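With these hints in hand, go ahead and build the complete structure from the sequences.
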Amino acid sequence: MNAITPSTSLLPARAGLGLKPEHVGEILDTEPDVGFFEVHAENYMGDGGAPHRALGEIVARYPLSLHGVGLSIGAERPLDTAHLGRLRALIDRYRPRSFSEHLAWSTHESGFLNDLLPLPYTASTLRRVADHVDQVQQAVGRQMLLENPSTYILFEDSTIHEIDFLERVAARTGCGLLLDVNNVMVSAVNHRADPFAYIDRFPVERVGEIHLAGYDETMDGAGDRLLIDAHGSPVSDDVSALYRHTIDRAGPLPTLIEWDNDVPAFPVLLAEAARAEAVLDSAKSWRDGRLARRA
Amino acid sequence: MTMDQSAFAAALLDPSLPVPAGVTCARGEPDATRFSVYRNNVVASLSRALGERFPVVRRLVGDEFFNGMARAFLTVSLPRSPVIFAYGDTFPDFVAGFAPAAALPYLADTARLEANWTRAYHAADATPLPVERLLAIAPERLAGIRLSPHPAVALARSDFAIGTIWQAHQAEVVGSMIVAASESVLVTRPAFDVRVHVVPPADGVFADSVLRGETLGEAAATAFARHPDFDFGHALLGLASLGAFADSPLQGDPA
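Protein chains in written order, with my numbering: chain A, 109 to 403; chain B, 111 to 365.
Bear in mind the hints are in silico, worked out from the structure with no lab data behind them.
Quantities reported herein were computed from a predicted structural model and do not represent experimental measurements.
Hints should not be assumed to be uniformly reliable.
Quick list of the computed label-pair ranges, beta carbon to beta carbon [as the list claims (entries may be wrong)]:
#, chain 1, residue 1, chain 2, residue 2, range
1, A, T138, B, P125, 40 to 48 Å
2, B, V284, A, D155, 53 to 61 Å
3, B, I288, A, S218, 41 to 49 Å
4, A, W394, B, S116, 48 to 56 Å
5, A, R333, B, R169, 33 to 41 Å
6, B, P215, A, D265, 48 to 56 Å
7, A, P120, B, P215, 53 to 61 Å
8, B, A213, A, R280, 53 to 61 Å
9, B, V284, A, L136, 31 to 39 Å
10, B, P240, A, R201, 27 to 35 Å
11, A, E264, B, G207, 36 to 44 Å
Yeah, the Cβ is synthetic: ideal placement off N, Cα and C, and Gly gets one too.
Written out as structure tokens, the structure reads:
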């Protein structure tokens, strides 16, 4: 019998890039050695045209990660079943190696707010999020990864630590986790916590993918550091160090470079991917060396 | 104090409201600067989405005016779905009634043209009706035929030169132009590239009727009544060659 590959590890443990329309021609012409590409699901929910043609060409050459930004899993209101249907159709069409969404909410009765909004961590929000994750996995017919958020505020009625919250959702639903290391840094600085301690407590065995990105920095009303999850610059040195710490602890994991605003020329993204890939390579050679000594 | 998402959403959209109850930070107190990050994200991301869909409107009014208009729009019309490229279908109507833009009477119709462009870009793929199929139809049968619109086709008819305006603003430098001239603008996407064509006024009337499901005979009569110089064959073959019709069975065609 062959071992069953857990679906959390279907993306290769390599560096991947977000796919931007302005880079598609160059990618197809040069076929660079990139571990995988990730797209935002909502950008491919039209009926046809150039976006689907491009994605079809990419999927023929590279592993795909599908990343949703609009499901509003943390909302008080029910999930949008029409949106679940669109996701199902995309997953059936392109067979991504990974499907992920956020621990956040974005839809309210007044409409879609187009931001990843935070929620308190309580017994009742835990129940709601787990119910929604169950519903998503049923609707799309596969496991999903749930991503830790970057946040700028806290809630007085939160009673559960974010890591425990994510772990309990994963334990109850069987979902995997997406560990956004930049989000860990942003939230830790914003809430006076230790980002390395966060990584040390995180259930890395449930992680199917890592995200890296650049942040912006400002100050809050009292002059405290306030980091903003901006996705518009290179991965910062402190996040790179936290990433190395993560990989030291967890071993090599699929790692996405997110750069969604002020998108640079493609070679700049390739250089960012190469930096992450070097961390993954050193972890792999350390692991392989250990296995060789054991044999 | 329990956070409720309705109060949170209301405070996001109305900067005159205080930070919602139950929101705090590591110092144990609410911080308006922190909450305003979310406010800015919502307004800036939706304004950016509108600016990407309506780049010519944005250039016509400038970034500052556009962002003010976008903010006024999003306050009353948030997206109905997370498919953000579809946001702004009702923006042209909003622009038409936006009093501060009244000095630019062509703005709303320019927005209609840009909305049509995005819909065409994302429309279902379909082969356009080959002109040869039309040429093969016996002339006496043509009048009874109804053609299926191509999924990407859209027509915008305006009292202003919106096609000329749109075309001029595809370039870095925009010269002067006469805007007070009626234009009918057809958007098509025969394959993957969206095309924008200014068609003669009579052909615009004809196209409007055909795309609304009238027979070719009915549509031609409507066009003749308004424009006695209407050239039926030229208009029909012209529209077909631009990709206005889908290659589906011709209704009313006994062949």
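C-beta pair W394 (chain A), S116 (chain B): status relative to the range 48 to 56 Å that was hinted: Roughly 51 Å apart at Cβ, these two residues keep to the hinted range, so it holds.
Outcome of range test on Cβ distance (R333 (chain A), R169 (chain B); 33 to 41 Å): Once the Cβ atoms are compared, 38 Å apart, the range 33 to 41 Å for R169 (chain B) and R333 (chain A) holds.
CB-CB spacing for D155 (chain A) and V284 (chain B) relative to the 53 to 61 Å hint: About 33 Å separates the Cβ atoms of V284 (chain B) and D155 (chain A), which means 53 to 61 Å is violated.
Supplied distance hint 27 to 35 Å, evaluated on CB atoms of P240 (chain B) and R201 (chain A): Holds, at about 28 Å.
Whether the CB-CB distance between T138 (chain A) and P125 (chain B) falls inside 40 to 48 Å: holds, 47 Å
Outcome of range test on Cβ distance (P120 (chain A), P215 (chain B); 53 to 61 Å): holds, 56 Å
48 to 56 Å as the expected CB spacing between D265 (chain A) and P215 (chain B), which holds or is violated: With a Cβ separation near 53 Å, P215 (chain B) and D265 (chain A) satisfy 48 to 56 Å, so the hint holds.
A213 (chain B) paired with R280 (chain A), Cβ distance criterion 53 to 61 Å: Given a distance of about 59 Å, which is inside 53 to 61 Å, the answer is holds.
S218 (chain A) and I288 (chain B) - C-beta distance against the hinted 41 to 49 Å: Given range 41 to 49 Å: holds, Cβ gap about 42 Å.
Supplied distance hint 36 to 44 Å, evaluated on CB atoms of E264 (chain A) and G207 (chain B): holds, 42 Å
Cβ distance range 31 to 39 Å for V284 (chain B) and L136 (chain A), holds or violated: holds, 33 Å
Going down the numbered hints, you'll see the structure goes against just number 2.
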